[in-house]
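J.: Chains A and B, in that order, are what the protein sequence lines are. Counted from 1, the first sequence has number 366 at position 210 by our numbering; the numbering is strictly sequential. Counted from 1, the second sequence has number 430 at position 274 by our numbering; the numbering is strictly sequential.
The hints are simulated quantities; they were obtained by calculation from the structure and are not laboratory data. Mixed in with the good hints there might be a few duds.
Treat identical chains as interchangeable: a pair holds within one or across any two.
[Stated by the list, open to error] No more than 27 Å apart at the CA atoms, straight line, and that leaves these computed lysine-lysine pairs for DSSO-like: (1) K162 with K229; (2) K409 with K450; (3) K162 with K190; (4) K190 with K228.
2 protein chains.
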Amino acid sequence: MDLAEKVLQGDRRAVARLITEVENSGKLAGDILKALHGRTGHAHIIGVTGPPGAGKSTLIDRLAKSYRLLNKKIGIIAIDPSSPFTGGAILGDRIRMSDLNTDPGVYIRSMGTRGHLGGLSRATADVVKILDAFGMDKIIIETVGAGQSEVEIASMAHTTILVEMPGLGDDIQTIKAGIMEIGDIFVVNKADRQGADRTELELRAMLELQSEPGLWVPPILRTVASSNEGITSLRDSIEIHYSHLTSSGNLDKHNYIRTKQEFLSIMREELIGLVIQSELSESQLDGIIMSILKRESDPHTEVSRIIQRFSANR
Amino acid sequence: MDLAEKVLQGDRRAVARLITEVENSGKLAGDILKALHGRTGHAHIIGVTGPPGAGKSTLIDRLAKSYRLLNKKIGIIAIDPSSPFTGGAILGDRIRMSDLNTDPGVYIRSMGTRGHLGGLSRATADVVKILDAFGMDKIIIETVGAGQSEVEIASMAHTTILVEMPGLGDDIQTIKAGIMEIGDIFVVNKADRQGADRTELELRAMLELQSEPGLWVPPILRTVASSNEGITSLRDSIEIHYSHLTSSGNLDKHNYIRTKQEFLSIMREELIGLVIQSELSESQLDGIIMSILKRESDPHTEVSRIIQRFSANR
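Could you put the whole structure together from the sequences, leaning on the hints where they help?
T.: Here you go:
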């Protein structure tokens, strides 16, 4: 409870401790998130996704600085495809964003893709909540645009930015095809490189395939993040999209869906925790797994049996 | 039940229908999987992962043909990062593997990364089970090596092959770093291209960082899948790894962990289905979500309340 109070009062170390708690899925985290909930719902969540090498980290760095000029507080969550084992990329992100790291109006956190009880999506949603309660105006989530978890995480965002770069081959297109429909704004970064025209043309062609009249028409912007070109336009486009979301009622719809997902995912974890705690000692669980392995039983039968016993014992 | 019998008797159309059922998470699927369980546990599951463009599909095509020479039955599950919306890549896989598609000893299925109730990992595990019961000796799962779901899926495999190609940039290395530790066999495909030596050297350096004495030492092989070079060596390495798994007892350990995960994931889905069915009409759920959105309540409190009511009503 004390920790929740500290987060709300702007204590950065309390935020760090709470996020660690969430990542380890400690029991404490649930109570604190409960206490924070009433102070959330203010932040604009921005997803930035795209293939490795498109320059997402640099773009986010510049975008964050651009928002800082307007005195907006910025949270950044970098979903890191590297593992705790090697950990190289986490360091990479930190270095690239080092001068933001000392800005008290910015909070940066990298999250690895493994070792989250309840899944990475769940943990990311909780971290968004914490940074929202901490008073961040914009929360930027960086993901690599491939994989189901990443698409799930991107779908938390109110505004999703897809970042491409010139000269990526055909196979990248294949991945891109899978996530085109979640993009609200398209960015051709490293636009000073050869092939920017072609990349923009291809994006335009793909977007036309899926455009529906009356809906938001995603703009395609060019940036050179490393030299800060096009960043203000990108910031403006993000704000225009947010206004559009608000006025069309789509922001409310989005928040409804996201809240429902959160509710169901918490329920799923609470339920299984409860059943295991009350019905399954470690040796009982071991016995069940062994009987399934020996084909004396099967998982569906065992699950039914446990749930029936759980119901009867209440 | 009829459908289970047909699968066990080798009816391909029954397999297709059952997989569709699993993808839609129909109630029927659970009963049939229960009936099939006793006939599973025979297949050797092989994961093939790596970045887009490394030539995984062609490699799998050639590997499958090589196993066919030994009269092994082959199941192939291609996890497709494209969406149902565009669907281009699914078609691509089909075409590339078209002459396998007419071989009665081969069963190929593409799976999109979205729209699976209970998650893609769950659905993939079920499809593996079906193909196992269908009598496939080797089941090859193709994934793009990025993202948590893909790593989860790769971890279903007994033998995991990581495919690289020469000349990919630094950012690809970053992704690779995250999945190096799951590789049992490393392949430098397109090894006739410039830079194959360097790629092999880099792989070797990274492997040395993480080698532990006494454990399996992952071999690094070179292939040119398009011209069938190195495929027999790859097949041999896979068989050597499988023997090593069996003799070391690691196969049993692996199957134990996988069965436990399956059991818990089925329990999770059954529990939430039961609670929603007995405690939450659509309008009640809507009311709860609205009260959370208005910050009159929070998800943790609501979950506790529902679970308590569920327990009391039993």
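J.: A separate judgement is required for each hint: does it hold in the structure or not?
T.: Now for the hints, and whether the structure bears them out:
1. K162 with K229: within (18 Å within a copy, 61 Å between copies)
2. K409 with K450: Only across copies: K409 and K450 sit 13 Å apart there, 48 Å inside one copy, limit 27 Å.
3. K162 with K190: within (14 Å within a copy, 51 Å between copies)
4. K190 with K228: For K190 and K228, the Cα distance is within 27 Å only inside one copy (26 Å; across copies 55 Å).
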